[in-house]
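> If you want the building blocks of each chain, they are given just below.
2 protein chains.
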Amino acid sequence: MLTIILYNCGFQLTENQDVLNNPALLRVRLPSRRNLPALLDLSVVHGSLKDPLMRHSGRPDIVHRSLLTAMDSPFWKENTVRFLVHTINDEIWEINKEWKPPVSYFRFFWLMERFLYERRLDFGNVSMKLDDMSIIELINGLSDNDEKISVFLLSKAGTNTGLRQLVAEIGKSWDSNPVIIVGGYQRGHNILELEKQLLNCEIASWNVSNESLMASTVISMLFFGLKFLK
Amino acid sequence: MLTIILYNCGFQLTENQDVLNNPALLRVRLPSRRNLPALLDLSVVHGSLKDPLMRHSGRPDIVHRSLLTAMDSPFWKENTVRFLVHTINDEIWEINKEWKPPVSYFRFFWLMERFLYERRLDFGNVSMKLDDMSIIELINGLSDNDEKISVFLLSKAGTNTGLRQLVAEIGKSWDSNPVIIVGGYQRGHNILELEKQLLNCEIASWNVSNESLMASTVISMLFFGLKFLK
Numbered sequence: 436m437l438t439i440i441l442y443n444c445g446f447q448l449t450e451n452q453d454v455l456n457n458p459a460l461l462r463v464r465l466p467s468r469r470n471l472p473a474l475l476d477l478s479v480v481h482g483s484l485k486d487p488l489m490r491h492s493g494r495p496d497i498v499h500r501s502l503l504t505a506m507d508s509p510f511w512k513e514n515t516v517r518f519l520v521h522t523i524n525d526e527i528w529e530i531n532k533e534w535k536p537p538v539s540y541f542r543f544f545w546l547m548e549r550f551l552y553e554r555r556l557d558f559g560n561v562s563m564k565l566d567d568m569s570i571i572e573l574i575n576g577l578s579d580n581d582e583k584i585s586v587f588l589l590s591k592a593g594t595n596t597g598l599r600q601l602v603a604e605i606g607k608s609w610d611s612n613p614v615i616i617v618g619g620y621q622r623g624h625n626i627l628e629l630e631k632q633l634l635n636c637e638i639a640s641w642n643v644s645n646e647s648l649m650a651s652t653v654i655s656m657l658f659f660g661l662k663f664l665k
Numbered sequence: 436m437l438t439i440i441l442y443n444c445g446f447q448l449t450e451n452q453d454v455l456n457n458p459a460l461l462r463v464r465l466p467s468r469r470n471l472p473a474l475l476d477l478s479v480v481h482g483s484l485k486d487p488l489m490r491h492s493g494r495p496d497i498v499h500r501s502l503l504t505a506m507d508s509p510f511w512k513e514n515t516v517r518f519l520v521h522t523i524n525d526e527i528w529e530i531n532k533e534w535k536p537p538v539s540y541f542r543f544f545w546l547m548e549r550f551l552y553e554r555r556l557d558f559g560n561v562s563m564k565l566d567d568m569s570i571i572e573l574i575n576g577l578s579d580n581d582e583k584i585s586v587f588l589l590s591k592a593g594t595n596t597g598l599r600q601l602v603a604e605i606g607k608s609w610d611s612n613p614v615i616i617v618g619g620y621q622r623g624h625n626i627l628e629l630e631k632q633l634l635n636c637e638i639a640s641w642n643v644s645n646e647s648l649m650a651s652t653v654i655s656m657l658f659f660g661l662k663f664l665k
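Top line first, the protein sequences correspond to chains Z and H. Each residue of the first sequence is one higher than the one before, counting from 436 in this note's numbering. Each residue of the second sequence is one higher than the one before, counting from 436 in this note's numbering.
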């Protein structure tokens with residue numbers, strides 16, 4: 436089974452008072468939640484952020500677009516893929532394949548504000564939760580025997596090049612449950628730092644384009660490659 | 436040059452009073468525009484729509500996701516592609532390649548409400564306008580000589596099958612400026628009706644998947660096919 440991890444997503448709540456009182460944010464939030472922490476979305480509250488570090492976060496739209504792109508892809512529909520969202524606060528959200536994320540960003544925003552606060556989502560038979568876990572703990576937990584798992588970091592600065600070649604390498608490690616890590620952030624992070632941190636894996640970095648691409652574009656290229664270029 | 440048309444998009448303003456007074460819509464709109472027609476987004480105002488026909492429209496998110504997907508794709512960046520949005524009100528919006536659409540749906544919503552009202556958008560050197568034009572007038576205007584242009588309708592109900600085969604056919608007609616038409620609606624329309632309406636073209640319908648796919652997924656499959664399967 437293939438595992439995709441969307442890494443270091445700026446997917447978090449904030450209690451920053453400047454942000455909470457931002458008029459644009461007050462407009463888009465549900466009134467019933469106004470006294471609770473808010474989902475940080477830079478596109479709404481950019482002017483209220485004085486801490487430059489916060490400007491490297493607050494991109495729930497990347498999570499939304501990546502989920503919709505992945506879950507609508509023919510490869511996803513024909514295969515069993517495990518999709519995990521890792522946040523900059525070291526939380527892990529495993530997507531339930533039975534869940535249909537709202538296509539509307541408004542509805543996604545409202546739902547995710549509740550999810551990050553309650554740390555669980557329940558719809559009929561679908562139940563998902565948010566767990567405190569670093570990416571290292573997550574990867575170590577994915578291997579259920581002594582075999583080293585193969586991890587593929589996708590980055591513009593990756594050492595290995597080419598979508599066809601990447602797909603061939605993923606194919607070779609298919610039986611040992613390969614893990615693909617895609618950056619879920621806007622900027623200010625470096626996915627290649629994981630090469631030094633993930634010690635018990637066969638790890639390699641791959642560049643599928645010399646352009647900076649959206650996470651959703653990288654995922655759709657990967658899924659397209661796995662379906663058509665194998 | 437390749438032309439892509441996103442066909443029959445539910446991308447329109449409304450003056451329906453039930454919609455304008457919908458509390459969720461009042462929240463998300465810019466206060467300065469409250470007395471003006473609103474961008475119809477079903478995900479926000481679904482409960483206020485009594486006319487069942489209106490439920491077949493109001494999907495600006497499809498336009499947004501399709502634009503972002505197309506314009507972030509490596510194929511788009513490496514080629515000259517003409518992208519046109521056709522609305523259910525028979526309006527045409529030609530995308531300027533120099534324009535960067537807002538990645539944030541909130542910002543896109545606010546901007547498009549203004550664009551559809553003023554019927555033009557100006558950012559520095561980028562200028563775009565909304566023209567009244569049917570898809571038939573549009574297609575007839577694309578051919579600048581007597582040669583019949585090749586039109587490819589992408590639909591789950593298409594007669595011809597397979598992404599590789601589609602890409603090969605598009606390749607054959609590359610020099611005569613092929614036109615690809617992708618449905619930009621949710622449901623309630625049938626792209627194949629164009630086969631009877633577009634009489635002066637070489638027209639063929641193509642199915643690239645047996646699943647119903649989002650317009651953005653179809654566009655990303657098409658662009659990856661044109662880049663990797665040619």
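Just so you know, the hints here were simulated from the structure itself, not pulled from any lab data. Careful: at least some of the hints might be erroneous.
Stated by the list, open to error - Facing chain H, a subset of chain Z residues (Cβ under 8 Å, in silico):
no.	residue
1	SER478
2	SER508
3	PRO509
4	SER539
5	PHE541
6	ARG542
7	LEU546
8	PHE550
9	TYR552
10	LEU598
11	SER644
12	LEU648
13	MET649
14	THR652
15	SER655
Every residue, glycine too, gets a C-beta built ideally from N, C-alpha and C.
> Going back to the hint list, which numbers does this structure go against?
Result: hints 7, 8 and 9 break, sorted rising.
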